[in-house]
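We have chain D; now place chain F onto it with these hints.
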Amino acid sequence: MPAMNKVFQSDWFSRLVDTLLPVFATLAALVLGAVMLLLLNVNPIAAYTALWEGAFGSSNAFAETLVKATPLLLVALGICISFRGDVINIGGEGQMIIGAIFATWVGLTFTGLPGWLVITLAMLAGFLGGAIWGGIPGVLKAYFRVNEILSTVMMNAIAVQLMNFLLSGPMIDPSQAELASRIPQTARLLEIFRLPRLIPTRLHLGALIAVMLAILVYILLWRTTLGYRIRAVGQNPHASRYAGIKVQRYIVLALLLSGAFAGLAGATQVFGVNYRMITDGSSSGFTGSAGFNGIVAALFGQLHPVWSIPASILFGALLVGANSMQRVVQVPSALVTALNGLVVVFVVSSEIWRKRRQRKRQAIVKQENESPPPSDERQAIQMEGT
Amino acid sequence: MISDLFSFTVLVGILASGIRLATPYLYAAIGETFSQRSGVLNLGVEGQMLLGAFAAFYVTLTTENLWLGVLTAMFVGALMGLAMAYVTVNLHAEQGISGIGFFLFGLGMSDLLFQKLLGTVETVRGFPEIYIPGLSDIPGIGEIFFSQNVLVYGAYLLVPIAWFVLNKTTLGLKIRSVGENPDAADSLGVSVIRVRYFTIILGGTLSGIAGASLSIALLNVFQQNMTSGLGFIAVALVYFGAWRPVGVLGGALLFSMINSLQLWIQVLGINVKSEFAVMMPYVLTILVLVATVSRVRAPAALTKPFERES
Numbered sequence: 007m008p009a010m011n012k013v014f015q016s017d018w019f020s021r022l023v024d025t026l027l028p029v030f031a032t033l034a035a036l037v038l039g040a041v042m043l044l045l046l047n048v049n050p051i052a053a054y055t056a057l058w059e060g061a062f063g064s065s066n067a068f069a070e071t072l073v074k075a076t077p078l079l080l081v082a083l084g085i086c087i088s089f090r091g092d093v094i095n096i097g098g099e100g101q102m103i104i105g106a107i108f109a110t111w112v113g114l115t116f117t118g119l120p121g122w123l124v125i126t127l128a129m130l131a132g133f134l135g136g137a138i139w140g141g142i143p144g145v146l147k148a149y150f151r152v153n154e155i156l157s158t159v160m161m162n163a164i165a166v167q168l169m170n171f172l173l174s175g176p177m178i179d180p181s182q183a184e185l186a187s188r189i190p191q192t193a194r195l196l197e198i199f200r201l202p203r204l205i206p207t208r209l210h211l212g213a214l215i216a217v218m219l220a221i222l223v224y225i226l227l228w229r230t231t232l233g234y235r236i237r238a239v240g241q242n243p244h245a246s247r248y249a250g251i252k253v254q255r256y257i258v259l260a261l262l263l264s265g266a267f268a269g270l271a272g273a274t275q276v277f278g279v280n281y282r283m284i285t286d287g288s289s290s291g292f293t294g295s296a297g298f299n300g301i302v303a304a305l306f307g308q309l310h311p312v313w314s315i316p317a318s319i320l321f322g323a324l325l326v327g328a329n330s331m332q333r334v335v336q337v338p339s340a341l342v343t344a345l346n347g348l349v350v351v352f353v354v355s356s357e358i359w360r361k362r363r364q365r366k367r368q369a370i371v372k373q374e375n376e377s378p379p380p381s382d383e384r385q386a387i388q389m390e391g392t
Numbered sequence: 038m039i040s041d042l043f044s045f046t047v048l049v050g051i052l053a054s055g056i057r058l059a060t061p062y063l064y065a066a067i068g069e070t071f072s073q074r075s076g077v078l079n080l081g082v083e084g085q086m087l088l089g090a091f092a093a094f095y096v097t098l099t100t101e102n103l104w105l106g107v108l109t110a111m112f113v114g115a116l117m118g119l120a121m122a123y124v125t126v127n128l129h130a131e132q133g134i135s136g137i138g139f140f141l142f143g144l145g146m147s148d149l150l151f152q153k154l155l156g157t158v159e160t161v162r163g164f165p166e167i168y169i170p171g172l173s174d175i176p177g178i179g180e181i182f183f184s185q186n187v188l189v190y191g192a193y194l195l196v197p198i199a200w201f202v203l204n205k206t207t208l209g210l211k212i213r214s215v216g217e218n219p220d221a222a223d224s225l226g227v228s229v230i231r232v233r234y235f236t237i238i239l240g241g242t243l244s245g246i247a248g249a250s251l252s253i254a255l256l257n258v259f260q261q262n263m264t265s266g267l268g269f270i271a272v273a274l275v276y277f278g279a280w281r282p283v284g285v286l287g288g289a290l291l292f293s294m295i296n297s298l299q300l301w302i303q304v305l306g307i308n309v310k311s312e313f314a315v316m317m318p319y320v321l322t323i324l325v326l327v328a329t330v331s332r333v334r335a336p337a338a339l340t341k342p343f344e345r346e347s
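Sequence order for the protein chains is D and F. The working numbering applies: residue 7 is where the first sequence begins, and numbers increase by one. The working numbering applies: residue 38 is where the second sequence begins, and numbers increase by one.
Stretch-level coverage of chain F by chain D, calculated; a stretch enters the list once three of its residues show a Cβ under 8 Å from a Cβ in chain D: (1) 129–139; (2) 148–157; (3) 272–283; (4) 305–313; (5) 323–329.
Just so you know, the hints here were simulated from the structure itself, not pulled from any lab data. Note that the structure is a prediction, hence the values are computed from the model and not measured. C-beta: ideal position from N, C-alpha, C; glycine also.
Isolated chain D, as found in the complex:
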């Protein structure tokens, strides 16, 4: 079947496969998950049905999925920036925490100001807090050559302790301070300071902000000099240095911006979902591991801010669905954490095929330029290329 062959070899088909690789990776992870479920004596179809129902079964369920997707998307946007700059930011958890602390402080301090103003200030404070917590490893990497993977992991641990300290001491809910139990939490935010809800569910304005920021980050990365330079440094720091780009400055900027978006994610969690900060002593107790899962979403979206939107919704759905799976078929939601890990491994592993096909495409183009094929065939190739 020569016609079919032509389809398989054609440029658009190969690009389509590239785009769908993450989907295949997820399917592969779900299949492995089904095997695990079978080993645990659980009917995988029942489990996955419960998962689907929990995530998309009703408008409330879908709203919940979007609520969970919001911090993932915000973290993912930051990850798009830093990974494009070849800076591996594992510090999303800590950056979310610090952003949330900054924002909460604003919300609890300026109680006399109008709601819209405090919300705006609080979001900016969250952005700033995350930027500081991401900027420190950035400076350490750029000027002291400290591996950012390690420093961001350490910064996570430090942020958790800072949170535990503040929430059980200086920022503790005054009504808790007198009790013997002393639950480590802040006071509740005033009702006028809550992020407005979009529809009568828990879905809040943060989701909309995140989507708009996704478009802004796309513009930043591909339509501005700043974004161009971050990507250039990521692709080839040496060439960038020769081209006169101050490489160190852009390494710091990449991590700083990355942290800022995670900080904003933390701020929206407080102002849109919980209306206070509370800690169980761990980072995931506050973040729900969004700092890690945001990395998964960004990778899944091929480090593209706009593609990160559906990716975040998918992983938000997995997280929400996991809870309903736990309720209905008694499969611990930890299964989804394990599956997320597999998705990451599969997505990065499948890169090799994308690169191979890219190389093949380039080789074909090169061949064409060197020895022009007979005119009618060449026309056909050009048609496909357009």
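Quick look at chain F alone, frame taken from chain D:
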């Protein structure tokens, strides 16, 4: 009271638990040293440790055979290492990110198995202390160095062995050359792929023991996410120790001694905010990385996948 810290028994207690607490760091970080010296950054250590800790605990609980527990942990760690090796060596996957994937997998999987197979936190009778005849009777010294369990002794024994293998054997030379200049090593007939498979699987095996040392030798329980960042610190210790086993030992001891001090401060009820005490080792690690990293050079091929020029 601060002065309580300086009594003889407390000092001995701090040092003895410091020596003991270094155990998981040593196994994991020495394993990581091998894989990094061959050019592979394995960030999945934490996940390997968690699965190893669970495997060791579960097998020990059901069979009451501690050594079978350790063996299972080694096997699980080796399997994780094998998967990591395939993904990074054959498929050239970005090492840092695939490591995060393996971490998440181990985190979720160990939690899942814990909830499905155990359900509640139970305890096992772990490895007992072995009192070395004669030496363990020396006041202070005996309690600090010669009254530990077998996995603790093993961890310290591993350091000179690792040093010897890396620096004095052909295998070590191959590992180092693959990490510094894989193309040259390849042209001299060293199989880059085989060496890296070996070091990554070895690293996984040792991470498995590191996990086992937590669940059946030091704490004797298994809990969700019980390593809480320990595996990542082990990776940091490799940088800290400048990719040398002795340096890793120094880092592990520094870290565990501070940790032990921190625990004793809490036990004695000294008025230091416990959050800051817990934070201390992390802050210190960053500071030491700042002080040392710019002076030592990482293996030249670290994180770079190997592809034969065609």
